[in-house]
Amino acid sequence: MVILCFILFVEIFLKVQAVKTKTQEIKEAAYKKALEELFTITIGETRYRPWEPVQEWDSEVTSPEILKDHLNHPRQVNYTMKRISYEIQDDDIFKILEIESPDHKLYYLRICVKAGSGSKYKDDQFIGILMKKPFENPN
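For reference, each letter of the sequence shown is one residue, going -18 to -1, 1 to 121 in mature numbering (1 follows the signal peptide of the UniProt record, and there is no 0).
Hints were generated in silico from the structure; no laboratory data involved.
For each residue, glycine too, the CB sits at the ideal point set by N, CA and C.
Some hints could be false.
To be verified - Straight-line distance between alpha carbons at most 25 Å, and here's what the computed SDA-like set of lysine to any residue pairs gives:
1) Lys14 <-> Ser101
2) Lys104 <-> Ile93
3) Lys64 <-> Leu88
4) Lys64 <-> Glu38
5) Lys77 <-> Ile23
6) Lys77 <-> Arg65
7) Lys96 <-> Ile8
8) Lys96 <-> Met63
As the list claims (entries may be wrong) - Between beta-carbon pairs, the in silico distance windows are:
9) Lys104 <-> Gly26: 18 to 26 Å
10) Phe108 <-> Asp73: 37 to 45 Å
11) Lys2 <-> Glu82: 47 to 55 Å
Please model the complete structure; the sequences and the hints are all you need to start from.
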């Protein structure tokens, strides 16, 4: 009788695990499809969203200290945010801001918006400045 109960328990346990695994696979597939629809530009293993105009909110949440500290310009107010994009690499999501300097040179600030599990980055961490455009929207 004990053996029969044990076999029944193992069978139920395995069925529950199979359902959990299938549900997890469905969730992961849906997540991957959503990312592919949002991040339509692919370069190597990195996916990007198309460039979009900067909204007022984007410029408000980006610290002017980043511009002052990392672009070596005392009057950071002269910098203009032009466009914004997002990048996903591994499980990390980055914001890329296109910034125009007073001398009309373009810089690309890269900020980690959401760090994936086991990432070397932290949420809302300034990563660096790209001196050239990482991609352009396809026509």
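Results of checking the hints against the structure:
As the CA atoms of Lys14 and Ser101 are separated by approximately 19 Å, the hinted pair is consistent with the 25 Å bound. Among the hinted pairs, Lys104 with Ile93 is consistent with the structure: their alpha-carbon atoms are about 10 Å apart, no more than 25 Å. Only pairs whose Cα atoms come within 25 Å are accepted, and Lys64 paired with Leu88 is accepted, the gap being roughly 9 Å. At roughly 11 Å between alpha-carbon atoms, Lys64 and Glu38 fall within 25 Å of each other, so this suggested pair holds.
For the hint pairing Lys77 with Ile23, the CA-to-CA distance comes to about 15 Å; that is within 25 Å, so the pair holds. Between Lys77 and Arg65 the CA atoms are separated by roughly 11 Å; this keeps the pair inside 25 Å, and the hint holds. Between Lys96 and Ile8 the alpha-carbon distance is near 23 Å, which keeps this suggested pair within the 25 Å criterion. At most 25 Å may separate the alpha-carbon atoms for a hinted pair to count; Lys96 and Met63 meet this at roughly 21 Å.
With their beta carbons about 24 Å apart, Lys104 and Gly26 fall inside the hinted range of 18 to 26 Å. Taking the beta carbon of each, Phe108 and Asp73 are about 19 Å apart, not inside 37 to 45 Å as hinted. For Lys2 and Glu82, the Cβ-Cβ distance of about 51 Å falls inside the hinted range of 47 to 55 Å, so the restraint holds.
Going down the numbered hints, you'll see the structure goes against just number 10.
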